[in-house]
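Peer 1: Each chain, letter by letter, is given below.
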Amino acid sequence: MKDISCKLLVIGAGPGGYVCAIRAGQLGLDTVIVDPGKPGGTCLNVGCIPSKALIHAAEEYDRIAHLAHGRNPLGITAAKPEIDLSQTIAWKDGIVGRLNSGVSGLLKKAKVKIVQGHARFRDGKTVEVETETGLQIIRAENVVIATGSAPVELPNLPFGGPVISSTDALSLTSVPERLVVVGGGYIGLELGTAFAKMGATVTVVEAQSRILPQYDAELTRPVAKRLQALGIAVMTGTKAKGLAKAGGSLLVEAEDGSEKALEGDRILVTVGRRPVTRGWGLDELVLDMDGPFIRIDERCQTSMRGIYAIGDVTGEPMLAHRAMAQGEMTAEIVAGHRRVWDKRSIPAVCFTDPEIVTVGLAPDEARRTGVEIKLGQFPFSANGRAMTRMGEDGFVRVVARADNHLVLGIQAVGQGISELAAAFSLALEMGARLEDIAGTIHAHPTQGEAFQEAALKALGMELHI
Amino acid sequence: MGEHLIKMPDVGEGIAEAELVEWHVKVGDLVREDAVLAAVMTDKATVEIPSPVDGEVLWLGADIGDVVAIGSPLIRLKVEGEGSGSSGSGPSEKAAEPPARTGEIEAQADGAVKVPDAIVERQAKSTPPQPVAEKPHAPAARMHRAPVTRAEGERPVASPAVRLRAREAGIDLRQVPGSGPAGRITHEDLDAFFTHGRQVAKTPGLAQNTSVEHIKVVGLRRKIAEKMAIAKSHIPHITYVEEVDVTALEDLRAALNANKRADRPKLTLLPFLMRAMVRAIAEQPHLNSVYDDEAGVVHQHGGVHVGIATQTGSGLMVPVVKHAEARDLWECAAELNRLAEAAKSGLATREELGGSTITITSLGAMGGIVTTPVINYPEVAIIGVNKMMVRPVWDGSTFIPRKIMNLSSSFDHRIIDGWDAAVFVQRIKTLLETPAMIFVEA
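Each protein sequence line maps, in turn, to chains C and F.
So the first sequence is numbered by our numbering: it starts at 34 and just counts up by one.
So the second sequence is numbered by our numbering: it starts at 117 and just counts up by one.
Hints listed in this document are in silico derivations from the structure and should not be mistaken for laboratory results.
Quantities reported herein were computed from a predicted structural model and do not represent experimental measurements.
Treat the hints loosely; a few may be bogus.
Stated by the list, open to error - Which chain F residues stay away from chain C? Per the calculated CB distances, all over 12 Å, these:
# : residue
1 : Q291
2 : F310
3 : R337
Claimed, not checked - Derived Cβ-Cβ restraints for the label pairs, each shown as a range:
# : chain 1 : residue 1 : chain 2 : residue 2 : range
4 : F       : A277      : C       : E115      : 49 to 55 Å
5 : F       : H330      : C       : V373      : 33 to 39 Å
6 : C       : D323      : F       : G269      : 42 to 48 Å
7 : C       : E288      : F       : E284      : 52 to 58 Å
8 : C       : G449      : F       : R148      : 44 to 50 Å
What the hints assert, rightly or not - Partial list, computed: chain F residues near chain C (C-beta under 10 Å):
#  : residue
9  : V273
10 : P293
11 : G294
12 : A341
13 : A345
Here a beta-carbon is modelled for each residue, glycine too, at the ideal position from N, C-alpha and C.
Please model the complete structure; the sequences and the hints are all you need to start from.
Peer 2: Encoded structure:
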């Protein structure tokens with residue numbers, strides 16, 4: 034097979050890699066992208082997109098089940114719903130398929146060469162790819178490592194049999210009767226909630242003292258409340274020890290040392306994700322590491338000249354939109370533009386019920402920087418739109434500097450508020466002050482009004498509370 | 117809420133229009149009573165237009181450089197109180213009212229609200245038009261946006277678009293002062309940094325500068341340009357240069373300065389020259405004339421009104437020492453000092469800046485060897501003073517050091533023949549070289 038020479042080689046076609054390749058192609062760089070799977074990476078194939086599809090199906094099911102349950106204030110009656118999960122999964126696969134071909138189309142339009150197969154470094158400038166038709170050598174002036182991350186496996190609970198990863202959970206063909214989720218982070222709670230809504234009896238086991246430990250307790254309280262309402266048992270301070278000998282049940286150890294067996298048809302392990310740093314020839318390179326991650330500078334350059342790394346393999350936060358922004362920037366740097374990572378805000382959205390959005394600094398984080406802060410918090414219980422959609426739980430909170438009112442961070446929890454992430458991020462990137470948000474007309478009746486009211490409240494000028 | 121219309125005030129005798137040379141406000145600015153809104157310029161003076169009320173600027177009626185007729189709408193302000201803004205309701209009663217001298221205001225309303233006389237009076241008092249010098253452009257609107265300084269190590273606040281632009285231009289935003297709220301760096305701040313702050317940026321070595329700045333010729337500069345063009349296109353100049361030995365004059369000047377009364381001004385050379393000119397003009401009165409070339413009439417003046425070309429911060433001005441023939445040396449000196457000071461500080465009145473019949477131009481210590489002065493149209497003569505230097509002069513047996521100064525003088529050759537010009541300059545030379553003759557009848 035004839036060797037390929039190119040200006041830029043991107044290893045991994047996840048959100049970081051494919052965005053990088055598209056931009057590079059648009060800028061006229063001779064670009065090749067390599068991935069063993071379909072383009073789109075974890076996010077598109079076994080992450081963000083399929084999980085949101087499943088969450089949506091579960092919400093629809095739950096809504097009807099709720100109405101079928103009997104009396105409701107809306108006066109609607111419905112028959113008890115049924116779900117054929119295999120059909121749901123097929124629908125989800127259809128969406129994923131459409132997006133796969135969409136990404137492929139975009140890459141082709143940008144004149145990017147796609148090579149399917151496992152890539153492996155021979156040296157800093159040469160990569161070999163095992164393709165279906167044989168070994169392909171690619172020589173590149175610049176290489177972007179975008180190999181992403183994979184679910185963490187617990188040594189005492191290896192994947193297989195009843196023990197499944199998030200990837201497996203998104204392809205189940207029937208709703209498990211009893212589901213045990215190990216790990217009360219956002220992935221475990223998103224999926225656990227979805228399955229509970231579809232009828233599974235769900236237990237969440239979390240080693241730390243509360244769920245979603247990266248958020249403050251006030252922010253996670255509405256989520257905990259909703260989990261309880263859905264009948265999801267949350268066991269905090271509890272460690273998973275391993276499968277019981279008989280199989281099918283999970284042994285856990287409570288904080289006081291007492292052991293207990295949890296019955297479960299499926300045991301979903303969602304204890305985090307690890308960077309993929311094996312299997313592509315890291316040892317052939319001399320890259321400085323940052324713990325388990327590849328160390329990069331503010332231009333996504335690794336310690337080796339001409340080798341860049343982007344996305345989950347470079348560390349937290351492991352989020353698709355961070356990888357995309359890094360990919361775009363890196364392509365432009367390779368094309369000779371002056372760029373540097375100067376983003377103020379990487380929004381984080383947790384698609385639990387209700388949803389959580391955070392941008393910038395939390396109150397405690399802001400205090401730790403040594404500045405005096407002002408807080409403004411507005412509850413959805415005082416927001417008309419939230420009332421009419423029966424989602425009064427939650428709030429929007431704004432954190433600002435006390436001296437010049439510069440907004441430092443925004444947190445929110447509430448139904449459907451993931452879409453507010455755009456407004457929050459824009460405020461931070463533009464360097465908004467409280468007065469800017471307070472002085473912007475927010476459409477009525479929308480949940481976004483809570484954002485404006487939170488800013489007004491921080492200024493001591495709230496109107497609707 | 118009401119609306120106040122401020123019209124172009126009558127800024128001087130018989131002026132029909134004035135040129136807008138500076139806006140101190142922009143639309144949306146809040147202004148206080150007496151705050152300066154704009155500066156307009158007539159033939160000779162710059163006049164500030166103060167605001168008669170507190171309000172918000174809604175509309176500006178002219179661009180810088182526009183010539184605005186007296187009484188035309190200039191600014192509309194939104195103000196507290198009554199009067200609603202149906203503008204264009206041309207108040208027909210207005211013609212009957214005596215024109216208010218200054219900052220005339222109308223509260224516009226459907227039924228034209230008449231401003232009570234008392235108020236007009238107060239406004240007239242509190243807001244007289246003040247002639248001012250052209251100031252370096254520091255619009256008042258900018259003042260409240262003084263750059264905020266950041267604490268050491270603090271990240272600059274700027275939108276992504278500003279950050280990208282700075283990045284591509286190789287500018288470190290930490291060096292750019294931010295004028296926006298909370299010290300936010302705006303595109304305008306970057307523009308300012310591009311034009312002014314570049315010195316502190318880097319770029320070692322030489323670089324081509326391909327920039328072209330387009331500067332509108334307005335205000336005093338435009339007046340000067342027009343006047344110079346008229347003078348040079350109408351007047352066939354003849355320039356005559358002669359050397360004057362001012363050694364004796366300088367001795368006299370030094371002695372007078374050393375022995376003068378404390379309340380008397382320090383003498384420069386110019387009062388002596390003025391007095392010498394008065395003497396010379398007495399013998400050749402047609403040199404002290406104003407030539408109306410369109411009418412074909414030479415107005416030969418009896419009074420000698422000497423224009424003194426003066427460099428000010430905003431350009432050339434010509435304050436006038438009136439009736440030099442009636443002033444002695446000391447009075448000439450005192451009046452000269454007063455006028456030069458007034459012109460430089462922008463306080464010279466229109467009257468003080470006009471009416472000359474002959475002009476002196478002096479570059480003082482920088483004066484050079486020879487100049488070709490341009491006549492102050494429509495006069496017919498201008499006397500240029502060059503630099504005084506000590507030069508060796510052959511006295512027949514040896515070189516002796518003498519204080520020598522050139523006079524470079526131009527004349528309107530239509531009216532003044534070369535012979536007459538030379539006689540005039542020679543007469544002045546004689547007077548200056550034997551200064552006693554300036555004061556004593558021969």
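Peer 1: The structure should be examined with respect to each hint, and the outcome stated for every one.
Peer 2: Going down the list of hints, with the structure as the test:
1. Q291: Non-interface label stands for Q291(F): nearest chain C Cβ at 15 Å, farther than 12 Å.
2. F310: holds (16 Å)
3. R337: holds (40 Å)
4. A277(F) x E115(C): 49 to 55 Å: holds (52 Å)
5. H330(F) x V373(C): 33 to 39 Å: holds (34 Å)
6. D323(C) x G269(F): 42 to 48 Å: violated (23 Å)
7. E288(C) x E284(F): 52 to 58 Å: holds (56 Å)
8. G449(C) x R148(F): 44 to 50 Å: holds (48 Å)
9. V273: Cβ of V273(F) sits 4 Å from chain C, so the hint holds.
10. P293: violated (15 Å)
11. G294: G294(F) check passes; min Cβ-Cβ to chain C is 9 Å, inside 10 Å.
12. A341: violated (44 Å)
13. A345: violated (49 Å)
Comparing the model with each numbered hint stated earlier shows that hints 6, 10, 12 and 13 do not hold.
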